[in-house]
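What follows is the residue order along each chain.
Protein chains: 2
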Amino acid sequence: MKYAKVYAEDVQVGSEMPPLAKSPIQQIQLTRYAGASGDFNPIHQDAAFAKAAGMGDVFAHGMLSMGFVAQSVTDWLGVGSVRKIGVRFAAIVRLGDVVTCRGKVVAKRPPKNGDGTYLVDLDLWAENQKGEKVITGKAVAVLPSRT
Amino acid sequence: MKYAKVYAEDVQVGSEMPPLAKSPIQQIQLTRYAGASGDFNPIHQDAAFAKAAGMGDVFAHGMLSMGFVAQSVTDWLGVGSVRKIGVRFAAIVRLGDVVTCRGKVVAKRPPKNGDGTYLVDLDLWAENQKGEKVITGKAVAVLPSRT
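Protein chains in written order, with the numbering used here: chain A, 777 to 923; chain B, 777 to 923.
Read the hints as simulated data drawn from the structure, not as lab findings.
Just so you know, nobody snuck in bad clues.
Where chains are identical, the list cannot tell them apart; a pair therefore holds if satisfied intra-copy or between any two copies.
Below, computed lysine-lysine pairings styled on BS3-like, alpha-carbon distance capped at 30 Å:
1) Lys884 with Lys914
2) Lys888 with Lys914
3) Lys860 with Lys884
4) Lys888 with Lys909
5) Lys781 with Lys909
Please work from the sequences and hints to get the whole structure.
Next comes the structure, spelled out in structure tokens:
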């Protein structure tokens with residue numbers, strides 16, 4: 777982890793993650809996500825299809841929002857720090873929604889692997905511009921020690 | 777869930793998910809993922825940067841691979857079926873790697889919400905072309921009943 781951005785000594789239980797506010801969801805972003813992922817399900821691209829499916833309009837891939845959540849952690853702690861991540865999809869993200877990702881440290885576990893790294897447990901969530909939670913989740917990140 | 781593809785009666789404990797084999801990871805895919813997600817960390821784009829960071833070469837965003845895993849479920853069970861998903865990142869995915877996502881049903885829980893939907897627990901994993909697991913995970917999906 778030569779690219780560590782944050783060390784274990786830098787965070788404590790209760791430490792808050794810097795919020796990550798993403799730009800409003802645009803159709804072109806969903807199209808780009810389809811091109812990047814190879815997931816071309818029309819429910820994210822074709823308003824008529826989405827309406828016929830009872831969804832009212834296209835909506836964002838759940839994994840796009842989950843990607844925002846993961847990015848909020850890696851922007852803070854560094855790429856490669858996230859060992860585990862799990863989420864619950866709480867609400868649909870629609871065009872124009874502004875997703876803000878937040879989190880905090882809920883546990884910091886001392887090294888036990890002999891490599892001096894700490895594991896930190898994070899509570900994570902993402903909310904829309906109305907303050908509604910669209911994702912809740914947890915992650916485990918590994919942080920090196922300065923010592 | 778008017779767009780259900782699979783009903784609770786269609787799966788049992790032990791049912792295997794149809795494998796999803798993705799195309800080999802290309803640099804342009806990582807660049808597209810950056811454009812879609814807004815995550816422009818150079819460690820996924822710039823080989824010299826990645827080498828200087830001790831990673832040897834660029835590698836795929838963890839969330840891209842996790843997106844493949846989620847897609848394997850939604851391709852099978854339908855978009856909107858995934859209520860929870862969690863993964864552990866087991867190995868780095870590099871350029872040229874072919875990621876194949878697999879899974880199976882490990883539990884099927886009878887309805888208790890009065891809406892007749894079942895919850896199914898899935899074990900999920902993704903492996904590379906050498907058969908090495910790059911992601912392991914679990915998901916909970918909701919399936920309607922035909923009755």
